[in-house]
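One line per chain: the protein sequences are A and B, in this order.
Quick note: the first sequence uses the working numbering, first residue 1, plus one each step.
Quick note: the second sequence uses the working numbering, first residue 1, plus one each step.
These are calculated hints, taken from the structure and not from any lab test.
All figures in this text were calculated on a predicted structure; none of them were measured in a lab.
Please note that the accuracy of each hint is not assured.
As the list claims (entries may be wrong) - Listed next, the in silico SDA-like pairs over lysine to any residue satisfying Cα-Cα at most 20 angstroms (straight line):
#1 B/Lys144 to A/Asn301
#2 A/Lys251 to A/Glu376
#3 B/Lys159 to A/Ala307
#4 A/Lys76 to A/Ile62
#5 B/Lys159 to A/Tyr323
#6 B/Lys144 to A/Thr300
#7 B/Lys6 to A/Asn301
#8 B/Lys224 to A/Val274
#9 B/Lys159 to A/Lys251
#10 B/Lys159 to A/Gly326
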Amino acid sequence: MLEELFMPQSEAVSEKRFILPAGQFQRLFDALHQRGYQTIAPTLLDDAIVYEPVDSVSELPIGLTDEQRAGAYRVKRNPEGRTFFRYTVGPRSWKRYLYPPRQRLWQAERNGDGRFHVLAEQEDVPRYAFIGVRACELSAIQIQDRVFLSEQYQDEHYRLRRENALLIAVNCTAPSGVCFCTSLGTGPRVRDSFDLALTEVFGNNEHFFLVEVGTERGASLVEELGLPVAADQQCQMAEALIDSAEQRILKRLDTSDLKELLYRNLDSPHWEEVAKRCLTCSNCTMVCPTCFCHTVEDVTNLQGTVAERWRQWDSCFHVDFSYIHGSAVRISEASRYRQWITHKLASWQDQFGVIGCVGCGRCITWCPVGIDITEEVRALRRREGSRAAPASPKEENHANA
Amino acid sequence: MTRVTKPKLAVWKFASCDGCQLSLLDCEEELLEVAGALEIAYFPEASRAVVRGPYDISLVEGSITTPHDAERIHQVRRVSRFLITIGACATAGGIQALRNFKDVQEFIRAVYASPQYIETLSKSTPIRDHVFVDYELRGCPINKYQLLEVINAYLNGRKPNIAPHSVCSECKRRGIVCVMVANGTPCLGPVTHAGCGAICPSYRRGCYGCFGPKETPNPAALSKRWKQLGMKEEDLVRAYRSFNAYSEAFRRESESHERS
Numbered sequence: 001m002l003e004e005l006f007m008p009q010s011e012a013v014s015e016k017r018f019i020l021p022a023g024q025f026q027r028l029f030d031a032l033h034q035r036g037y038q039t040i041a042p043t044l045l046d047d048a049i050v051y052e053p054v055d056s057v058s059e060l061p062i063g064l065t066d067e068q069r070a071g072a073y074r075v076k077r078n079p080e081g082r083t084f085f086r087y088t089v090g091p092r093s094w095k096r097y098l099y100p101p102r103q104r105l106w107q108a109e110r111n112g113d114g115r116f117h118v119l120a121e122q123e124d125v126p127r128y129a130f131i132g133v134r135a136c137e138l139s140a141i142q143i144q145d146r147v148f149l150s151e152q153y154q155d156e157h158y159r160l161r162r163e164n165a166l167l168i169a170v171n172c173t174a175p176s177g178v179c180f181c182t183s184l185g186t187g188p189r190v191r192d193s194f195d196l197a198l199t200e201v202f203g204n205n206e207h208f209f210l211v212e213v214g215t216e217r218g219a220s221l222v223e224e225l226g227l228p229v230a231a232d233q234q235c236q237m238a239e240a241l242i243d244s245a246e247q248r249i250l251k252r253l254d255t256s257d258l259k260e261l262l263y264r265n266l267d268s269p270h271w272e273e274v275a276k277r278c279l280t281c282s283n284c285t286m287v288c289p290t291c292f293c294h295t296v297e298d299v300t301n302l303q304g305t306v307a308e309r310w311r312q313w314d315s316c317f318h319v320d321f322s323y324i325h326g327s328a329v330r331i332s333e334a335s336r337y338r339q340w341i342t343h344k345l346a347s348w349q350d351q352f353g354v355i356g357c358v359g360c361g362r363c364i365t366w367c368p369v370g371i372d373i374t375e376e377v378r379a380l381r382r383r384e385g386s387r388a389a390p391a392s393p394k395e396e397n398h399a400n401a
Numbered sequence: 001m002t003r004v005t006k007p008k009l010a011v012w013k014f015a016s017c018d019g020c021q022l023s024l025l026d027c028e029e030e031l032l033e034v035a036g037a038l039e040i041a042y043f044p045e046a047s048r049a050v051v052r053g054p055y056d057i058s059l060v061e062g063s064i065t066t067p068h069d070a071e072r073i074h075q076v077r078r079v080s081r082f083l084i085t086i087g088a089c090a091t092a093g094g095i096q097a098l099r100n101f102k103d104v105q106e107f108i109r110a111v112y113a114s115p116q117y118i119e120t121l122s123k124s125t126p127i128r129d130h131v132f133v134d135y136e137l138r139g140c141p142i143n144k145y146q147l148l149e150v151i152n153a154y155l156n157g158r159k160p161n162i163a164p165h166s167v168c169s170e171c172k173r174r175g176i177v178c179v180m181v182a183n184g185t186p187c188l189g190p191v192t193h194a195g196c197g198a199i200c201p202s203y204r205r206g207c208y209g210c211f212g213p214k215e216t217p218n219p220a221a222l223s224k225r226w227k228q229l230g231m232k233e234e235d236l237v238r239a240y241r242s243f244n245a246y247s248e249a250f251r252r253e254s255e256s257h258e259r260s
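Bound conformation, chain A alone (with noise of 0.2 angstroms):
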């Protein structure tokens, strides 16, 4: 049902490209405006490229790129020119939009005859159109469908805002240093659940979008519009530009044998390793595309006769969240970092049938200390492949130094 409602295979509507060129691109947003969307695209606030709602293409981060590296990141000029897309994913997600950070379930109310009656939250949620989706959150969003929307338990606030969402997906053209979705399988090339997805062609005095339907609703978008069908050299220059990309992802994890690997190191002396690192503030689960942990919690007037209950992002990384009658119960900032990552690449799978990590290096960059998922990976790896060889008397010499 999942798939029927929220997953539709690209191939089933059209094989046919089409070309947006650049100086139309204001008409996508005018014709998502006029069937009513709110359009929700990247824009520059703060010194970050987030996502935002952005009514005018004015508003993208226009001739704007990322550098990222373990714990920093940094808007360049774009030495190309005025691109649109020269850059990859920022702090924020599109859970903001899905999930929102904070958000009222619902209210309680005395009758004043000592029973309570409660209010159901009524929701106005915009129809949501996101532009600049890219591949791996397109995963991200997938993953987050099987927590949210699964057959047993449906939550009705994402699936409100899911549902009617219109996703405008685009090719990633310039990876980040921390980007390794080609070792996950999600990126960088957009491949399904989408509506439209753009590869924006920028040079030789050229500039348009590729565009790729994936939807009855994207293919509608693109009649209104009246896009020309692209010619194969169009679609070629496109094509490098995300083999290209594809190239240029150098940072990689390793998956094989993943799961195991992380059920077998339970005990491993490297968390104790990564908690002298690790500050615990929980700033890699929050920018995470799929971390989709939240507490609850109840709150009154000072009169006791209305109850609110809210629910907000949490984070395995607070003492709170492990709170379980009369004690927490990771306590140690060890426990905490081993839960984080063994939940997300081991019993993610167990849970939801998929890797819960996309590969996107977001807390990879936004760690204030830059730790790093795939290092830490690399770094068990190499325990286990120590401990199983004996360590020749090289190394024992330095290990005693």
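Given chain A's structure and the hints, the job is docking chain B onto it.
Just chain B, lined up with the frame of chain A:
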């Protein structure tokens, strides 16, 4: 729900600037509601009218810095059912705890014309070092919404929704871009207790740590990163030595950089 008698509230001041108790007056429209739900029985900053104790809730502002106050806090405890300390002075010793790192007698000689009249303790200490404290509200100053939340929770017999985690969680929920990662600005947010709503990062400044250490803070890891960003040892000492200088985590961290 009707209450037969309203719980009595008292507000006490020790060594402090009054900013935290002003937060109660600062509640403005909510203050009328508070006054409706509680009897404001002892609050010299707001009214000379005093209702005798004992009191159901005592809000205690300020740190203990004199022998007289070290006695007086026991009297306050005796007349209080729930004692809630408010602010960095009451919970960590405040900015005046900078004396704890130096010789207070030297200060007295340097500052006062007649030092023989000054009777003060060598250290400024938080209230919990002297009496049992039921709840601590952090901040310099406290956040008025957190104060209302504690009073509200007390009146309704529930746990206050006050999280001990980092300021970073507040930044991320608000969608504030990290000043450390995006600008290289040193920020105490990753080791600091939430509660202010991430005011400074929202103005593109690093967190000053007004709410003191968060749960399980790791300032050593943060300092290491700050050094990579170009901060000097003496500046690290100063960064941890402000309103919450004498909180254990910040004190140890500042001392470790003083020694090296």
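Hint check results:
With a C-alpha separation of about 15 angstroms, the suggested pairing of lysine 144 of chain B with asparagine 301 of chain A holds against the 20 angstroms cut-off. Among the hinted pairs, lysine 251 of chain A with glutamate 376 of chain A is consistent with the structure: their alpha-carbon atoms are about 13 angstroms apart, no more than 20 angstroms. At most 20 angstroms may separate the alpha-carbon atoms for a hinted pair to count; lysine 159 of chain B and alanine 307 of chain A meet this at roughly 14 angstroms. For the given pair, lysine 76 of chain A sits about 11 angstroms from isoleucine 62 of chain A by alpha-carbon distance, which is consistent with the 20 angstroms threshold.
With a CA separation close to 14 angstroms, the supplied pair lysine 159 of chain B and tyrosine 323 of chain A stays within the 20 angstroms bound. Distance hint between lysine 144 of chain B and threonine 300 of chain A is fulfilled; the C-alpha atoms sit about 16 angstroms from each other, no more than 20 angstroms. Proximity of lysine 6 of chain B to asparagine 301 of chain A is assessed by CA-CA distance (about 16 angstroms); at most 20 angstroms being required, the pair is judged to hold. Restraint check: the Cα-Cα separation between lysine 224 of chain B and valine 274 of chain A comes to about 14 angstroms, which is no more than 20 angstroms; the hinted pair holds.
As the CA atoms of lysine 159 of chain B and lysine 251 of chain A are separated by approximately 46 angstroms, the hinted pair breaks the 20 angstroms bound. Taking the CA atoms of lysine 159 of chain B and glycine 326 of chain A, the gap is about 13 angstroms. The hint holds against a cut of 20 angstroms.
Hint 9 from the earlier list is the only one contradicted by this structure; the remaining hints agree with it.
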